[in-house]
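Kindly generate the complete structure, drawing on both the sequences and the hints.
As they're listed, the protein sequences go chains A and B.
Number 100 in my numbering belongs to position 100 of the first sequence; there are no gaps in the numbering.
Number 241 in my numbering belongs to position 241 of the second sequence; there are no gaps in the numbering.
To be clear, the hints were calculated from the coordinates, so they are not data collected in a lab.
Any given hint could be a false lead.
Claimed, not checked - FRET-style restraints, in silico, Cβ to Cβ:
| no. | chain 1 | residue 1 | chain 2 | residue 2 | range |
| --- | --- | --- | --- | --- | --- |
| 1 | B | Q32 | A | G32 | 45 to 51 Å |
| 2 | A | Q84 | B | F309 | 28 to 34 Å |
| 3 | B | G289 | A | V77 | 38 to 44 Å |
| 4 | B | E401 | A | G30 | 16 to 22 Å |
| 5 | B | K267 | A | T16 | 52 to 58 Å |
| 6 | B | L162 | A | V77 | 39 to 45 Å |
| 7 | A | A94 | B | H125 | 51 to 57 Å |
| 8 | A | A59 | B | R3 | 55 to 61 Å |
| 9 | A | T74 | B | K132 | 44 to 50 Å |
| 10 | A | E76 | B | N204 | 22 to 28 Å |
| 11 | A | C8 | B | A176 | 50 to 56 Å |
As the list claims (entries may be wrong) - No farther apart than 25 Å at their CA atoms in a straight line, the calculated lysine-lysine pairs in the BS3-like style are these:
| no. | chain 1 | residue 1 | chain 2 | residue 2 |
| --- | --- | --- | --- | --- |
| 12 | B | K132 | A | K49 |
| 13 | B | K400 | A | K46 |
| 14 | B | K351 | A | K46 |
| 15 | A | K27 | B | K400 |
| 16 | B | K65 | A | K104 |
| 17 | A | K107 | B | K400 |
| 18 | B | K351 | A | K49 |
| 19 | B | K132 | B | K155 |
Keep in mind that this is a model prediction, so the values were computed, not measured.
Using N, Cα and C, we set each Cβ at its ideal position, and we do this for glycine too.
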Amino acid sequence: MLILECPCCGVKAEETELAPGGEAHLKRFGPGSSDEEFEAYMFARKNPKGVHFERWRHAYGCGKWFLAARCTATLEVFGTYPAQTTEPPAELIAKIQAKRPDWKGWK
Amino acid sequence: MRRYSVFAIAREALRYHSGWGKAWRAPEPKKQYDVIIIGAGGHGLATAYYLGKNHGIKNVAIIEKGWLGGGNTGRNTTIIRSNYLQDSSSAIFEKARSLYENLSQDLNYNIMFSPRGLLMLAQTHHEVRGYKRTVHANQLQGVATEWLTPEQVKKVVPIINLHGPRYPVLGGQWQARGGTARHDAVAWGYARACSDMGMDIIQNCEVTGVHQQNGVVTGVSTTKGEIGCKKLGIVVAGHSGVVAEMAGFRLPVESMALQALVSEPIKPVIDIVVMANTVHGYISQSDKGELVIGGGTDGFNNYTQRGSFQHIEETLRALVETFPIISRLKMLRQWGGIVDMTGDRSPIISKTPLGNCFINCGWGTGGFKAIPGSGWAMAELVAKGEPGPLASEFDMWRFKEGRFIDESVAAGVAH
Ligand SMILES: Cc1cc2nc3c(=O)[nH]c(=O)nc-3n(C[C@H](O)[C@H](O)[C@H](O)COP(=O)(O)OP(=O)(O)OC[C@H]3O[C@@H](n4cnc5c(N)ncnc54)[C@H](O)[C@@H]3O)c2cc1C
Ligand SMILES: [Zn+2]
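And the structure:
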């Protein structure tokens, strides 16, 4: 069972408490953007087989959004971090690089 | 290829079944093919079959990283129906359903198509309106479906509890010619027919790279070496994003786990397929007597073919409240598959940014029923380089242009 530690309230939350929210760190495009930008923002997810950064909500806990790094090929969780950021924390990236030397990076 | 028939059975019965032979060959890959199909699931095999049968293209290899039919084609709950809302969907699903009617004869392989009738329960007023609308749309499309009252529902499925604790049954949408088929047999039947046409099915061979020159595909790298081709068809369901990345483009697809389970075998209790989309579960009974059960997908990206335990619980809770008689049954097996979900819950049959490279994916939770129609349409696309009428709306650029084929009413949950 998937367990993520909520960085907002510190609870180790299991899956039934959590609501998945899809890929993290999306750049949002609004009115005036090109069709390509809009399509990429709306639909073209990275969907990697491997390291994935994603949004979660501690729905049946504190109710707050947070972010997590997880491996979609093994279900290993690398870590969680607050949603108020535009990129994953450097320590987390270093930790993932140490575990997954072939990883091409989060962008 | 030796034809399967009653005479063949009689002949083999007299000689201890020693003369059957292999159903398909296990060749080593050649250096070059006219067409390579990646993925020997139902859709890839059907594509190859209709390439040979309808278009005379037989210098074809189907490359499979595992064993043929070992992906979602061998993991689904085998529901076949064509009661979709949008015209382009019902056209391709009805094409598939009608091909299923004669597929055993066509392939000379018993795929056990069982048009036993399919019922989608309406358990909210919103669903009542949605399904009545679909029945009307189906009438215009020439797809035979009808609306059943709760009393009529009780008649076709006597074990149902119409007055469940949460959602009473308010009626249902009925497709008399919907039903099930044997999923493995569909893959095996197509595989045998493809092999018989001289096509090479290469199992245990993973595609690891796609080669191109001046924007046109030239071949693939595999764990059995480099193989050249003039045209490439990518038909890999849950791994579509991974293979598309090798070919240099991104798809509007996300991969997620969907699970199914079967109960211990019991005497016949339900002789149709029932789908209950509000409470999230569906059920049919196999010829062996097992109840075949499925529910919804997990909500997060996953490539492991393992799903979340709470979804099994959710599915069984839904079915126990709908069919209280099953509450004491033990479950025998449970498994997962990786389904390829698109933004509008409709498939993609499309040219790609790479020349002579075509893709068929996005069937998500509901592509078993579509196998013959999808193979038919994909073969036409690969053979002619342009989509025919069945595939033309399903191109991957519809997401940019806003031409969605929105089937979330008909397919958002179900199979
Ligand atoms: C639990 C479950 C229940 C379902 N229930 C239903 C249902 O009741 N009715 C219905 O209509 N649909 C249902 N579906 C959906 C249906 O199973 C799929 O849409 C359909 O089988 C997809 O077929 P396919 O041939 O595209 O994919 P698959 O059968 O998955 O075939 C793709 C193949 O590609 C291979 N592959 C992937 N990457 C590579 C590579 N790099 N190199 C070589 N080979 C590769 C894989 O090994 C695999 O064998 C269900 C799915 C699941 C998981
Ligand atoms: Zn919390």
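Worksheet entry | Range agreement (Cβ of N204(B) with Cβ of E76(A), hint 22 to 28 Å) | Holds, at about 27 Å.
Worksheet item: Does 45 to 51 Å hold as the CB distance between Q32(B) and G32(A), or does it fail?
Response: holds, 49 Å
Worksheet item: Do the Cβ positions of A59(A) and R3(B) conform to the proposed distance bound of 55 to 61 Å?
Response: holds, 58 Å
Fill in: Range agreement (Cβ of V77(A) with Cβ of L162(B), hint 39 to 45 Å)
holds, 44 Å
Worksheet item: Are the Cα positions of K27(A) and K400(B) separated by 25 Å at most?
Response: holds, 17 Å
Practice prompt. Using the beta carbons of A94(A) and H125(B), state whether their distance is inside 51 to 57 Å or not.
Written response: holds, 54 Å
Fill in: K400(B) paired with K46(A) [C-alpha distance capped at 25 Å]
Holds - the C-alpha atoms of K46(A) and K400(B) are around 16 Å apart, at most 25 Å.
Fill in: K132(B) and T74(A) - C-beta distance against the hinted 44 to 50 Å
Given about 46 Å between the Cβ atoms, the range holds.
Worksheet item: Are the Cα atoms of K107(A) and K400(B) separated by 25 Å or less?
Response: holds, 22 Å
Worksheet item: So the hint says 16 to 22 Å: do the beta-carbon atoms of E401(B) and G30(A) match that?
Response: Given a distance of about 19 Å, which is inside 16 to 22 Å, the answer is holds.
Fill in: Straight-line alpha-carbon gap K351(B) to K49(A), limit 25 Å
holds, 24 Å
Fill in: Q84(A) paired with F309(B), Cβ distance criterion 28 to 34 Å
Check passed, 32 Å falls within 28 to 34 Å.
Violated hints, listed in ascending order, are 5 and 12; each of the other numbered hints is respected by the structure.
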